[in-house]
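K.L.:
Sequence:
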Amino acid sequence: MRGAWPVAVAALAVACSAPTQRPPRSSVPLIEWKPTPTERAGTIALAAPGPDRVALPGATFTMGSTEADLKAAVLLCRREPAPEYCDTSDLAMALNRYIPTLLRLELHAHTVTLSPFAIDRVEVSVAAYERCVVVGACARPDFRPGDRRYDAPELPVTHVLWQDAAAYCAWQGGRLPREAEWEYAARGKAGRAFPWGYQYAPRRANHGVLSTLPGAPDETDGAAGLAPVESYADGATPEGIKNLAGNVAEWVSDLVDRNMDGTVGYDKGSVTNPQGAQSGEHLTRGGSFRTGAIFLRAAMRSVRPGQPYADDIGFRCAYDR
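Under the working numbering, the first residue of the sequence shown carries the number 1466, and numbering increases by one thereafter.
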């Protein structure tokens, strides 16, 4: 068995081999969601469990953050046990650039237009991923079989490479979400700061605490580690998409090509169906049970270059319509 790598380690691994003959896929029902004019600041809508995929219409929305958004994020981060990690002063940046550098990746707020797509309502579970392993279409996750921290059918699958996640989504007839699709699913046209609304609500997600970098598990939200994919219904989006904030950070398809100082953000112009850089580092979205509040924000981008076999990275799939 391959050894587990710490979160800070960045390395790429060889993806799992595709089967010579892909097994037939069954059709999956969709929720068709259309935005209503009643969505407004401060309104939080909750949704009950439904079909496996949520269909979202084509839309134009604002992606990324303004300087004012980043200042608000830093204020949220300063509530953590180790607020020094959020300090953007020149002295602090000289000592630790991790979070300030990631925040700069959110700039600039820009207009994005997306075609209609569908996205998984919940993160891919251990049980769902195991079906792909059994037919030979996916590599086995790198956790020890029977380890109940990770190997339970209702938990999100972890310890999988970006390539493994992409292979599973292809087997399902889909793909990893584009970064813009993921952010739109989390924010909506209204531009929510969090999937559930505009204010941080620590009981609505399985998050960590910023006491170390990138964080440590926190039991105050009801889970000491991973939680089942159907958990935290009151943290869902108005369309019923669960755990876009917390539980596991989620692979997206895009790469980001940073400058040497790590401060590059988005281009400022309007774009349609952006697909990220052609080369660079992989990204995750949404934060995890190990990361603090600032990582749960819908605009937050985390660079995880290949990140082999992390216990707090999972994924969900998207589908063209």
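None of these hints come from the bench; they were simulated from the model.
A couple of the hints might just be wrong.
Distance condition first, Cα-Cα at most 30 Å in a straight line; then the derived DSSO-like pairs of lysine-lysine [claimed, not checked]:
#	residue 1	residue 2
1	Lys1536	Lys1733
2	Lys1654	Lys1733
3	Lys1654	Lys1536
Have a look at the derived ranges for each label pair, beta carbon to beta carbon [said to hold, decoys possible]:
#	residue 1	residue 2	range
4	Val1736	Ala1655	34 to 44 Å
5	Thr1525	Thr1677	15 to 25 Å
6	Gly1611	Phe1526	42 to 52 Å
7	Arg1786	Pro1546	42 to 52 Å
8	Ala1689	Arg1543	23 to 33 Å
9	Leu1540	Ala1655	13 to 23 Å
10	Tyr1663	Gly1601	40 to 50 Å
11	Val1600	Arg1543	42 to 52 Å
12	Arg1605	Gly1734	37 to 47 Å
Since the structure is predicted, the reported quantities are computational estimates derived from the model, not experimental observations.
Just so you know, even glycine gets a beta-carbon here, dropped at the ideal spot from N, CA and C.
K.L.:
Now tell me, hint by hint, if it's right for this structure.
P.N.:
Consistency of the hints with the structure:
no.	hint	result
1	Lys1536 to Lys1733	19 Å, holds
2	Lys1654 to Lys1733	18 Å, holds
3	Lys1654 to Lys1536	22 Å, holds
4	Val1736 to Ala1655: 34 to 44 Å	20 Å, violated
5	Thr1525 to Thr1677: 15 to 25 Å	40 Å, violated
6	Gly1611 to Phe1526: 42 to 52 Å	43 Å, holds
7	Arg1786 to Pro1546: 42 to 52 Å	44 Å, holds
8	Ala1689 to Arg1543: 23 to 33 Å	25 Å, holds
9	Leu1540 to Ala1655: 13 to 23 Å	21 Å, holds
10	Tyr1663 to Gly1601: 40 to 50 Å	45 Å, holds
11	Val1600 to Arg1543: 42 to 52 Å	49 Å, holds
12	Arg1605 to Gly1734: 37 to 47 Å	43 Å, holds
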